[in-house]
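Chain A is fixed; fit chain B onto it per the hints.
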Amino acid sequence: MWQQMDAQQILDEVMIDDLYFKATNGGVTFGGGEPLLRSDEIVAFCQLKPDDWHIAIETSLNVDIRHLQAVAPYIDHYIIDVKDMNPDIYSRYTSVDNSQVIANLRWLIAHVYAQKITIRLPHIPDYNTPADIDKSRTQLESMGFTIFDSFEYVIR
Amino acid sequence: MPRGKSICSVLKTIRKQVADANGIEYEPRECQHQGDCRGTCPACEAEVRYIQQQLDIRRHLGKAVAVIGISAGLAALNSCAIDNESLAMPATSVDNFAPFVGEVIESMPEFPGGSEKMLEYLKENTHYPDEPELCAKGRVVVSFIVEKDGSVSDVKTVKSIHPSLDEEAVRVVKSMPKWKPGNLNGVPTRVKYTVPITFRLPESNEDTTDRNLSPSADN
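One line per chain: the protein sequences are A and B, in this order.
The first sequence begins at 1 in our numbering and counts up by one.
The second sequence begins at 1001 in our numbering and counts up by one.
So that you can see chain A by itself, here it is in the shape it has in the complex (with noise of 0.2 angstroms):
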């Protein structure tokens, strides 16, 4: 069940929380799917928001660059679900491969603080190992990432 909906509309939807994100330096997370394929609605969104609402962005970073250096003025934090790093992995999993993650990689380090970065690698039963795990995160931290959220998938 979804509905289709600009970006005012989206606004006027979560403007009730507006005190709670006021107090908790909080504000609004966008998920997936994948949410920046929809960077323009993204962009309009957050040039609407009040300016004390803090945006996050979930991502797999597997999309076009121009969506990412579309956001990047208004993301205030981002979580960045990588798979794993090594190609082969990526594409058994994903079915495609993770040039275009990387390349987004790499531009996000040069233009945006590491500390407002957070990088997930899930131990992915079946496509990973602990020790795959491991090499992504130091093949991450050569390039300068610093926050990693490891977590366990649960496939269904």
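Please note that the accuracy of each hint is not assured.
Below are the EDC-like pairs computed for lysine to aspartate or glutamate, each with C-alpha atoms no more than 20 angstroms apart in a straight line [claimed, not checked]:
(1) B:1012 / A:17
(2) B:1137 / B:1167
(3) B:1159 / B:1149
(4) B:1005 / A:17
(5) B:1016 / A:132
(6) B:1063 / A:126
Label pairs and their calculated CB-CB ranges [to be verified]:
(7) A:113 / B:1069: 48 to 56 angstroms
(8) B:1154 / A:70: 53 to 61 angstroms
(9) A:112 / B:1069: 17 to 25 angstroms
(10) A:76 / B:1112: 19 to 27 angstroms
(11) B:1035 / A:103: 47 to 55 angstroms
(12) A:52 / B:1180: 27 to 35 angstroms
Hints are computed from structural coordinates only; laboratory data are not their basis.
The model shown is predicted, which means the values in this text are computed figures rather than measured ones.
The beta-carbon is built from N, C-alpha and C at its ideal position, and this holds for glycine as well.
Below, chain B alone, put in the same frame as chain A:
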């Protein structure tokens, strides 16, 4: 504790912290609803609107309000906590008592023309008492009930400064025209409301002929 109740409790705490930080009279009512809920409901949202309304009044009066980060650290909520269960309103009788603000009211009472008009009305009709020896100043907080027919009753001061200023504040609130009443489940209902009225000493304190013409109250 069901997750909805846990969210409800956190949101209530946030509301209370914001209210307390801004001198807003607010006592959240314990929700009587049993079972799952979404953590918020029309009754909770009415409480939020009440606090926002009170904050707006203070902003309109040029007063600093404290909201940003007041409850930082209580933000351990996420959207995943919202389930798909519909929320039943708690069963509450509204006929035999005057619900206090923010209890289960769907829409708050409204002065004709809105909050700004109310402030204009109070400003235009509040006068610093013409008593040569009087030099008190500050904020009198007045509470009252907006009845089902929109009339104002049970007017009393909940924060006093001086008997003469208290009396003037009560007088002007009693003189207000009928309000649009509050509403619960589409039915007009009695709602308690508070307004702060600030008294300043007239600039021409020595010139008593000007006392009633001075901007004696700013709301």
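Going down the list of hints, with the structure as the test:
With a C-alpha separation of about 12 angstroms, the suggested pair residue 1012 of chain B and residue 17 of chain A falls inside the 20 angstroms cut-off, and the hint holds. For the hint pairing residue 1137 of chain B with residue 1167 of chain B, the CA-to-CA distance comes to about 13 angstroms; that is within 20 angstroms, so the pair holds. Between residue 1159 of chain B and residue 1149 of chain B the CA atoms are separated by roughly 27 angstroms; this puts the pair beyond 20 angstroms, and the hint is violated. Restraint check for residue 1005 of chain B and residue 17 of chain A: satisfied, since their Cα atoms lie roughly 17 angstroms apart, inside the 20 angstroms limit.
Restraint check: the Cα-Cα separation between residue 1016 of chain B and residue 132 of chain A comes to about 48 angstroms, which exceeds 20 angstroms; the hinted pair is violated. A hinted pair counts as satisfied when its Cα atoms are at most 20 angstroms apart, and residue 1063 of chain B with residue 126 of chain A does not qualify at roughly 60 angstroms. At roughly 20 angstroms, the beta-carbon separation of residue 113 of chain A and residue 1069 of chain B lies outside the given 48 to 56 angstroms, and the hint is violated. About 56 angstroms separates the C-beta atoms of residue 1154 of chain B and residue 70 of chain A, a value consistent with the hinted range of 53 to 61 angstroms.
Judged by the Cβ atoms, the range 17 to 25 angstroms given for residue 112 of chain A and residue 1069 of chain B holds: they are separated by roughly 23 angstroms. Distance hint check: the CB atoms of residue 76 of chain A and residue 1112 of chain B are about 42 angstroms apart, inconsistent with the given range 19 to 27 angstroms. Between residue 1035 of chain B and residue 103 of chain A, the C-beta spacing of about 50 angstroms keeps the proposed range 47 to 55 angstroms intact. Taking 27 to 35 angstroms as the suggested C-beta distance range, the pair residue 52 of chain A and residue 1180 of chain B conforms, at roughly 31 angstroms.
Checked against the numbered hints above, the structure violates hints 3, 5, 6, 7, 10; every other hint is satisfied.
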